[in-house]
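Residue numbers (our numbering), protein chains in the order written: chain A, 143 to 326; chain B, -17 to 470.
Take the hints with a grain of salt, since some may be wrong.
List time: in silico EDC-like cross-link candidates among lysine to aspartate or glutamate, alpha-carbon distance up to 20 angstroms [claimed, not checked]: (1) Lys165/A <-> Glu73/B; (2) Lys4/B <-> Asp227/A; (3) Lys199/A <-> Asp(-3)/B; (4) Lys356/B <-> Asp291/B.
Examples of chain A residues toward chain B, derived with CB under 10 angstroms [claimed, not checked]: (5) Trp224; (6) Leu282; (7) Trp286.
It should be emphasised that the hints constitute simulated quantities derived from the structure, not laboratory data.
Virtual Cβ for every residue (Gly too), placed ideally from N, Cα, C.
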Amino acid sequence: MDDLAIVELYHRRSERAIAESDKKYGPLCRSIALRLLGVREDAEECVNDTWHAAWNKMPPDRPRALGAFLGRITRNLSISRWRRDHAQKRYEGMEVLLSELEDCVPAPDSVEEAVGRAQLSAAISAWLDGLTEEDRRLFLRRYWYGDGVKELAEAAGMGANALAQRLLRLRRGLRAFLETEGVF
Amino acid sequence: MDREDIFDGVTDVRDDLIQGAKEAPAKKKRWAKRRWMGAVAAVLAVAVLGGVLLRPGGGMTALAIAQAEYPEMAPYPDEGKFWPPGGDRDEEGFHAAYDAWREDVVAQRRDLGDVTPLQEFFAKSSWTFLTGKPGENRVYSPLNVYMALSMTAQLTDGESRGQILELLGSETMDALRQQANDLWNANYRDDGALTSVLASSLWLNEDVKFNQNTMDTLAKDFYASSYRGEMGSKALNDALQNWLNEQTGGLLKEQAGNIELDSETIMALATTVYFKAKWRSEFNEERTEKAVFHGPAGDVETDFMHQSDEQNYYWGGKFAAVSQGFEEGGAMWFLLPDEGVSPEELLSDGEAMDFLFTADKEEWEEQKFLIVNKAVPKFDVSSQFDLGEGLRELGVTDVFDPEKSDFSPMTAGGAGGIVLSRADHAARVVIDEEGCTAAAFTVMAYAGAAKPPDEEVDFVLDRPFLFCITGISGLPLFVGVVNSPAGN
């Protein structure tokens, strides 16, 4: 079923919307949650919560890219779960990802005013626009979809070390960009 | 701002960026659209055994007496089939096909163990076969000659076999057979996306009483098919040439046309390698420009492909080197001799040869990760020569000597006087940028706003250089000297 039809089902309050979402985007959301949390039960709960959240958002939302919309919800729910439980539970995928993303944090500058989430996303999008297609894909596969370095390296036909080095340069590149743009 | 903010920021990047990364596992997509290969290379070697026969032949054309069976490989999934334009994507179907393909690819992997003796053979033989013709292009396939020699060892006994075992660094025939089988499998890929096949065949004179067991061993362990027929007949020559053309994708048609067996031939052993692969990141056609190549015969203007990318840059006492990877693994290595150093000199330089034939370049000390601005001439180089003299220099002499040769395992009695009378080796390597899809995929690393690395280097192949194509096993399929990019 195409995305527009699924969105329409949400708007008509048809419960089939959830079944169709699960059918089409269940694997994507499950894979994101599982990679971030690493605990199957929690990931499954996270996916179920995703459909629930989608049900509450549509209407009024009418996303054009349903996959990105749902995947984003899963990411948000995953990090919320991590924020809530990480003192007790070890969500390894998230820990690793966050420690890598530490490299992207710009040096603090008290003069500048902190930017909001929307501005930061816009800046990261602009930075991604300037990358080569391959780098953009590698960055997003790793930090949005949560792909493992090893599987990503295999798919890209390069060694895991070379990929790790490349990702490191990309993260530093993002930090430099944010600093240049005055996004702190 | 902290790392969680960055996570949130990444979460909310624009939809099209997220979709773009989802939809285009770039390499998978590209296979479906590809129209040209980045590099294509082929070699054929035909070793001819001659001798004296009691009676002329009786009109039989080529008849198969032992057939090699290649491993079956699931095809690389055709994305167009699973993701028809405008239709629903069959992701499950695609993943099932992808997994089946992946499983077959993994099944071909072999643990090659200690390859040091092999590397010694590669270095020694490359020097032997690539030098001595200064100023000419020369292409040699170490793995191809390795396979031909391994099979010759299987067909011989006594000192004839002993000399080959010594050259190839194997202690026993069993060890060599196992190694050849592993190498064959580790280099085998024929899945519609990548073609890499070490093919062999034997062509026997119908008047020779051959040993079926030996032919069966060659089919099973070396994947070589055997045929017999009337030597010197047009039918048999045509069959051989067709086989050669088929195995080498027609790339060596001219050279295959020169291969004719006369009625004195007792057996011909033909081995080929055909390798066709696409650059992992193509050269942008729009950046290809005419420039001068300083060849030994004077300056010539030729097309240079350009690419800037972050990669490892290697150097030694007399050379600098970079690689250009292929989509499915393997790479082409370019070795540029320092100013004033010839490729011939580099072939005699232990350090350069160590570098060229070491599978694990990560261990090389003199390397740096930086931006490399490559300028690589498009080239089409080929060469054809007789391996005989070089093999004798390398210590394989008895098979050429009617007094000493021992081809007893090949025949069912009466093997006296059989000698290796000719060993043709023809190879051609062609490289090009990718055609129409190039612009979209060319890597201009950090063309955007990101900070570039601290250093960059120009790597301009505008004078004679060496190249080496390593296949999926990491071992050298082709080594060559380019003195004239457009051919001799």
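Evaluation of the provided hints:
no., hint, result
1, Lys165/A <-> Glu73/B, "11 angstroms, holds"
2, Lys4/B <-> Asp227/A, "29 angstroms, violated"
3, Lys199/A <-> Asp(-3)/B, "17 angstroms, holds"
4, Lys356/B <-> Asp291/B, "8 angstroms, holds"
5, Trp224, "9 angstroms, holds"
6, Leu282, "4 angstroms, holds"
7, Trp286, "6 angstroms, holds"
Going through the hint list in order, the structure does not satisfy hint 2, though it satisfies all others.
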